[in-house]
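*Asks:* These protein sequences, in sequence, are chains V and D.
Number 433 in my numbering belongs to position 403 of the first sequence; there are no gaps in the numbering.
Number 85 in my numbering belongs to position 45 of the second sequence; there are no gaps in the numbering.
Source of the hints: derived by calculation from the structure; they are not laboratory data.
Glycine is no exception: its CB is placed at the ideal position from the N, C-alpha and C atoms.
Treat the hints with caution; some may be incorrect.
To be clear about the criterion: a stretch of chain V counts as covered by chain D if any three or more of its residues have a C-beta under 8 Å from a C-beta of chain D, and this derived list gives those stretches [as the list claims (entries may be wrong)]:
#: 1; region: 35-43
#: 2; region: 213-219
#: 3; region: 262-268
#: 4; region: 617-626
#: 5; region: 634-647
#: 6; region: 653-660
Chain residues, written in single-letter form:
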Amino acid sequence: MSDPRVTGELRYSQDIELEGMLHARILRSPHPHARISRVDASAVPEDVVVLVPHDVRDLGYYGCQIKDQTVLAQEKVRYAGDPVAAVAATTPERAEEALDLIEVDYEELPAVFDAAEAAADGPLVHEEIKLSENDAAYFGLRPQQGTNVCHRFRIRHGDIESGFGEADVVVEETYFTAGAQHAPMEPHAALARWEGDGLEVWTGSQTPFNTRMDLAGIFGIPEEKVRIVCPPMGGSFGAKTFVRLEAIAACLARKAERPTKIVLDRDEEWLTLNRHPATLKVKLGAKRDGTLVAKRVECWANTGAYADCGPGVAQKMGFASPGPYRIPNVWVDSHAVYTNLPPNGAYRGYGQMQCTWASERTIDLLAEKLEMDPLELRLKNILKDGDRYCTGEIMHDVHFAELLQRAADAVRWNENRHGKGLCVMLKGMQTPSRASIAVEASDNGNYTVLCATAEMGQGARKAIRLMAAELLGVEVEKVGFPDPDTDAVPYDTRTTSSRSTHMMGRALEKAVEDLRKNGRRGYGEVVDEGGLDPDTGQGVASSHWHQGAAAAEVEVDKETGRFSVKRLHAPVYAGRVINRPGAELQNEGSMIMGVGTALFESVNFSEGQVSNANLSDYCVPAAGDMPEVLTHELVEGERAEVHGLGETALPPVPPAIGNALHSLGINITGLPITAESVLDAIDRRDEERTRSTLPSQEEPATEGVAGKNGARRTYAVAFGISLGALVVGLLLRSRRIAAAKRLVPRRLAR
Amino acid sequence: MKVPLVVNGERVAVEARPDEMLLGVLRREFGLLSVRETCGIGVCGACTVLVDGEPVSACLLLTPLAAGRDITTVESLGGDHPVQRAFVEAEAFQCGYCTPGMILTAKRLLEEMPEPSEEEIKTYLGGNLCRCGCYVKIIEAVKLAAAESYPLREVSGT
Ligand code: FES
Ligand code: FES
Chain V
31 MSDPRVTGEL RYSQDIELEG MLHARILRSP HPHARISRVD ASAVPEDVVV
81 LVPHDVRDLG YYGCQIKDQT VLAQEKVRYA GDPVAAVAAT TPERAEEALD
131 LIEVDYEELP AVFDAAEAAA DGPLVHEEIK LSENDAAYFG LRPQQGTNVC
181 HRFRIRHGDI ESGFGEADVV VEETYFTAGA QHAPMEPHAA LARWEGDGLE
231 VWTGSQTPFN TRMDLAGIFG IPEEKVRIVC PPMGGSFGAK TFVRLEAIAA
281 CLARKAERPT KIVLDRDEEW LTLNRHPATL KVKLGAKRDG TLVAKRVECW
331 ANTGAYADCG PGVAQKMGFA SPGPYRIPNV WVDSHAVYTN LPPNGAYRGY
381 GQMQCTWASE RTIDLLAEKL EMDPLELRLK NILKDGDRYC TGEIMHDVHF
431 AELLQRAADA VRWNENRHGK GLCVMLKGMQ TPSRASIAVE ASDNGNYTVL
481 CATAEMGQGA RKAIRLMAAE LLGVEVEKVG FPDPDTDAVP YDTRTTSSRS
531 THMMGRALEK AVEDLRKNGR RGYGEVVDEG GLDPDTGQGV ASSHWHQGAA
581 AAEVEVDKET GRFSVKRLHA PVYAGRVINR PGAELQNEGS MIMGVGTALF
631 ESVNFSEGQV SNANLSDYCV PAAGDMPEVL THELVEGERA EVHGLGETAL
681 PPVPPAIGNA LHSLGINITG LPITAESVLD AIDRRDEERT RSTLPSQEEP
731 ATEGVAGKNG ARRTYAVAFG ISLGALVVGL LLRSRRIAAA KRLVPRRLAR
Chain D
41 MKVPLVVNGE RVAVEARPDE MLLGVLRREF GLLSVRETCG IGVCGACTVL
91 VDGEPVSACL LLTPLAAGRD ITTVESLGGD HPVQRAFVEA EAFQCGYCTP
141 GMILTAKRLL EEMPEPSEEE IKTYLGGNLC RCGCYVKIIE AVKLAAAESY
191 PLREVSGT
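With the rest of the complex left out, here is chain D (with noise of 0.2 Å):
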């Protein structure tokens, strides 16, 4: 079936099975390869993607579901969005599979939470696994991005 979708700001009707997830979707029809299958049931957090501000695993989506939503993947950041800067800053990765999905996460805490505590950035990462074990810099990131005065709220589609 032809699914409209809009990705990172772009209107295209797509060929997807009804019963396919929006993270073999986005891979293969938008070549988005930052979206990542890790656990596929919903856990890990490496296939967050934003659908209307809010962070989807994209690996349970499914992609009729997700039609006519706003759908970003950290490839519409462009590389110097505050959050990322903060996650290069404070060397937040080692592998950097985990990556897109935190920071696209750790977007949306911002936007929900300026000033987070340790406690909530920790809750709130809670479904971004980093095997790598990169948790402490990546706290710190987010500390950096919030210190950097982060803009509210700039949710798109709203």
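Just chain V, same shape as in the assembly (with noise of 0.2 Å):
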């Protein structure tokens, strides 16, 4: 039997059709803030159903930490792509036409884009925030109300004044990481149908249950009247989370009374949900010795119109902001700020990426201040077994250590460091949490698993299916696994946070051992208990650690500011490896992803507006991009225990490629590393370097690995920048070439 993906026929949340449906659009906000001073829908034709503002002022609010979001924008639009209307026709066609027979007015109002600027004052995108009751909700929110931030969470760790007072060097810098879209390769599609006064809906989505809740709250009815079925997704990385556009596809059903399905056309992605664009500012002292003594973190993450996850996201960012060291003193603040942007949740790694890029950075300039080896910085103060974390939490099962000196090895560090940079990152699993997982035994010797954990391409549903098999002794092809459906499975927080493995493969002894007492159907449940104050960050931030490191390898181009990636690799601590060409899926394609975020992903806007919701000029790495060697490590350990792998490889990517520029003296601080800030860098360098020194001697052309002789620089700064940015763009757009080769068929052509 061959696998469905190689045969085509696995059929996505997209392909799912039902007798009767109709096929919906969006009409979304042209202008990023502004009051809706009418809605004309008299122009469309009868047999298309359309939903305005006012059909659906009676719902409920929602939103899964905040309940800010309504189905459609009442009042007022805050961003520009806010869904104003909706309509249902049987065509996706005539759907699309009868969006331009609708008539909006507006007015505009001054919008705010940028979360430090939103943050300090700037108009109010919310007037008033409310929380969510949805369990999405479940840590201490702290919405600064009369502002724009949502939530604010803090760590006072030790005395942050005398820590600093003890320092003998101190470094500062401020960060800033850009948006960037998941773009999984489907889209988001959602299909709903009412019958009676219960409500279906089938969507991809890797959260039944918080979704479920969040609907029955919209709609004012019991959550048991709500079936969420979850078939398997195309691709995810966090953007499939949450209420998406389940409840605009449920009015419409309701309305017209058959059942709708929407698909999200690929430039609507952007305005859905993309990642928070952060600013960290960071400040670390250290003694002569390099130990550490005291760190200031300020994080402000744009979470956009509506704040979706962006508190969660904030919090994580701020408690793994220290990195896994050991700091008497530590003082954290952490934003989830609105802003007129798009919203912005979920994304692979959930706030770590963007403060493992500002910690480890500034690691690295700390060791330069210190004329040290940054490896011996780090190990220095790297945490171990029965350490403290500026939580109050005890460590255990630590491997940080050893996860560094795998990738450095890999780099050959102990030859000679030029063009090369390390990262080590600690990053939290949702805490706290509840999986449960029934199993039930049929007569034929064949078992079914019920969990609500969904497939998004992460292997899952392959992995727990195996676990099922080791435990009741059986092939994995006796063990079944339908799509989640919250009629039929027993509740589990969410697939998020690289929780599913680790969560319900303990579930799941204990439904098995169940199974085995009761014969036909066995139950198990397992809580993570924990959380943290948000006023001062003590208590139980994760239940589990993931921990990874990563090493890179980068050749610089100083003529042009381009470089290219020889060699990277990425150790993580994976436990207990379940399913092994799994979790090397995991950990490639976080690298990978980790590549993009690094070298050329990034959200733009004008005015607010996204200027590159396409593929073309958003670009996402393609096989090429690849770097030359891409390696990784899953460190195991003797029964240990299962460790979820879904992120942990991507956010030490970025400040490894960062940390490899800067052994040559080129100091980023923005992500995506483009060619005009290296070649920006490079100019400072020379300039203080000249400042400083003797006049330089004759350079090499290229630094990095292969450090080959070449002319000096004798190109103006501004014919660089354009030659500069001219490779980057033919080099990113090689793969855009060999897809338009195909764009007329050869053999058509002729």
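Dock chain one against chain two, each of which comes alone in its own frame, and use the hints as you go.
*Replies:* And the structure:
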């Protein structure tokens, strides 16, 4: 039996159809912030179902952590792309045509796009900030009413003033990371149907139970009246979480009295959810011998027009920003900030990449100032078993030093450090959380696993089936795993933060044990307690830590600023590996996504409108964008727990690359690292060198690994910049050329 | 208008608008759901089909221009094609959304270059994106298929 993925037989949410189904399209605001003064849909033909703000005004607010969303914008729109109306027709084309017939008048309002600016002052995106009752609001939320800060998280550990007082050396830097688009290959798709007063939704979603909760709240019906079924997703990476299109599809289906499906157009993906752009200010102090004494971090996570899970992202960004080090005095303020950008939410790592970038770049700044080997500085301060993290937690099953050393060895760090960079990271897992699972035996010796873990390509289904087969002592083919269906499966927090294999694996052990006792059906549940005090950051940040490291080796063309990643290696702590190829795929996929983040992925805006909402202007890595050598390691422990691996290898990649550039004196603070920013950094470095030393000698044109001899830099800077842009542009477009060659099939063109 | 198409060896005249791309027609009229849209602009290769053996982005091919041409989708390979076997063996997929397009492009690559180098594979697959980032194993799969002494030039319709 072949795999349905190679025969093309796998069906995703976008493929599901029901008898008499309508196709929906969404009308979106062109303005980032405006009052809606008139909506007129009278020109829409009668056989097309229209939904306007008035139709949904009595429905409940929703939002997984802050209740700030309505099914369609009421009174005002808060971002360019905010849904204002929707239509459903017999074909997607008819629906599209009908959109043009709806007239909307707006009065524009002042808008704000930068998070730090919006936090300080600036027009209010939401007048009032109401907390959500959804269980995704699992931590103490600290909205700052009357401001754009929808959550503020703090760590207060030790005494920051006296900490810096003890420091011999202090470094300080501000970092910026751009927004990114998940760009799952399958767009968001949802199909809704009403049966009496019960709602059924088929949707590619990582969060069936959270979605059910919010939909029940919107329609004011009991949760049991809402059924969510989650077919496999064609990728998600955090994009398909919480309510996205489901509410609009459900409202249209109710009005039309027919099943209604929405499949987003590609450009709408950028208007639905992106990764938080973030600004981080880091100050780090150490003794002359490299002992870290104090760290102060301020984070601003730009959550866009609606909070979504931005508060959670800001909190994780905050609590992980100290990094895997012993630091006696830590002070963190992290903010989730409303702006008039499209909503930003969960994205593979959930705030981790942003804080790891800032934190690990700062370590290298400090190493430089201390004139110390960055590896040695890290190892001197690294958390070990039994150490206390700044949240008060005692660390256990800790492998940071080993991972870091493995990363260093892979690039032969001890031979020379030229063009090489390192990074090590600690990452939390959703805490608190609950997972439950049922296993049913049937007469023919087969078993069915019933659980809410959603499959988005990460291989969770296979891993859980393998674990079940092992526990049950049967072939994996005997274990079935139907699509998660909230009417059939027991509760689970959600399929996020690389928690499923770990949490469900433990619940499964209990379920199988229970099955042995009861014969037909076994049930197992695990609850991980914990959580942090949002005002002090003390408590249990994570019941289980993900640990990863990376090393990169780069070569820079100093004439153009163009650089290439020659080698990338990422060791991660895997604990016990269930599905080896699956685990490898997660690591490789994370690293490649990390390369995209490091080198070119950036959601760009012009006056609040996304200016690169297509896969030609927004590049995602193609095969040719991979580093020359990309390797990784799954570090296993004897009798260790299963560790989730869905995200661990992504966040360490950009800092490793940034630090590799730093080893050449190229100091980069922003992501992605463009050729222009490298060229600017080279200029700054050279100016400094000229100021502080004698005229430089003959230098090679290429720096880094190869260190080839070349001509001196003679081009004018302006020429260099344009050439750099050109070369990078050409390279990034290489795959588009390959694609373009196919526009007109060669044989047809003849 | 009625357009005469040859899809997976079968001759059928289907109803299509003159401005309609082949992608939508294959999905709607033939139920060939392995042909998938991601970018809609010829960049990602998720909609790849073989037209007279050549990989083509079906999202950009006007249906009337495909009239009379031999159109192949992954459905016709059956599941036991050497490239499909190699993809399964190498586990060269995660969500599987890009996989049909990858397989068809790889099939053609091996017809053109029976023993491609890693660089040649990366370049040839440049128009097929995998957001799950399975490239390491996709390249492995193509090498595996090549090593299985892939039969030369089995282009249909020539
Ligand atoms: S959908 Fe046709 S190339 Fe992307
Ligand atoms: S396997 Fe998911 S896009 Fe390639």
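*Asks:* Which constraints among the numbered hints does this structure fail? Numbers only, ascending.
*Replies:* Checked against the structure, no hint fails, so every one of them is satisfied.
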